[in-house]
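Build out the structure end to end from the sequences listed, making use of the hints.
2 protein chains.
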Amino acid sequence: MTPFKTKSSRIVWSCPWYSIRQDEIELPNGETAVYNTVVKEAAVWIIPVTPAGEIILIHQYRHTVDDWCWEIPAGSKKPEQTLEAAALAELREETGGVPDQMTYVGQFYLANGICNEIGHIFLATGVELGPTAHEATEVMAVHTLPMAEVFRMARAGEITDGPSALALFLCENEIHTAVS
Amino acid sequence: MTPFKTKSSRIVWSCPWYSIRQDEIELPNGETAVYNTVVKEAAVWIIPVTPAGEIILIHQYRHTVDDWCWEIPAGSKKPEQTLEAAALAELREETGGVPDQMTYVGQFYLANGICNEIGHIFLATGVELGPTAHEATEVMAVHTLPMAEVFRMARAGEITDGPSALALFLCENEIHTAVS
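Chains Y and U, in that order, are what the protein sequence lines are.
Per this note's numbering, the first sequence starts with residue 337, numbered consecutively.
Per this note's numbering, the second sequence starts with residue 337, numbered consecutively.
Put simply, identical chains are the same to the list, so a pair is met inside one copy or across any two.
List time: in silico DSBU-like cross-link candidates among lysine-lysine, alpha-carbon distance up to 30 Å: (1) K376 x K414; (2) K413 x K376; (3) K376 x K341; (4) K343 x K376.
These are calculated hints, taken from the structure and not from any lab test.
Here's what the structure looks like:
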């Protein structure tokens, strides 16, 4: 059941990464309202686990928040990519990592009040690190940390990228099973 | 250390809820790039726990994703509000709930690749439900569920609003302590 009826829809702003869609909607009470949505391609978050059972994190400068953030590798899917191809590409570009196995964990909405972006989570196991291929706007360092330390950081709120922390919690059991 | 130098900055689009700021930045390699940021007021997510130790969830239709989502009460802070005042207001408007006590849990970035929004998490205990005050665009139902069922839903990926699921995981220990 869709409680809002969309009467018209148009793109009012766009850039190469996302756009703003402005809908005129009819509310359940019969009134008309304007609803703006940030329209963005789905993205992937990848938890990279090494053969020794350690987790690879990146420490990245984020211009949007003017802060250095602890994160797992992530990035937007290109329109022609499958989710798994996007996850493999981001893992390799950001950490140089190549996994033995990729397991799909699940999905979530990042900010469903304003944006249609879906985050998809993958668990990458048996990851061996190699050379990275960072873009010029990607300022980051790659760290390999003990699993217990990563979950301590997540519980303490030190993994400030919300989707990264959520991804870790959502597959905490799978990670322990995968490396035991 | 800020690796990007902002050379110019202007608002290129705005609506009453957020705007787009377009920065011209100098990258560490000396090149110039354009970086767009969705600029939005901080928001609050509130975990409402009843005196009996149950958790209050809302099941809400989200136009952005055309989907019904399980969530905890949440909303943007108004510029003049404190975080705690915003949390109390959202809890009361969306669920009719009034708490005995509000505890600040922590913060996270929602989508730091494109947006500056910070989410702040509160744990509300001793919550008694009363009449709600939904806005016309807020189509939702309020449910009171056993704590174990809510954490089962979170682990199963059924709480599809990412920040809501993250908030639950981040204060799982505090919730159990608060009601024991």
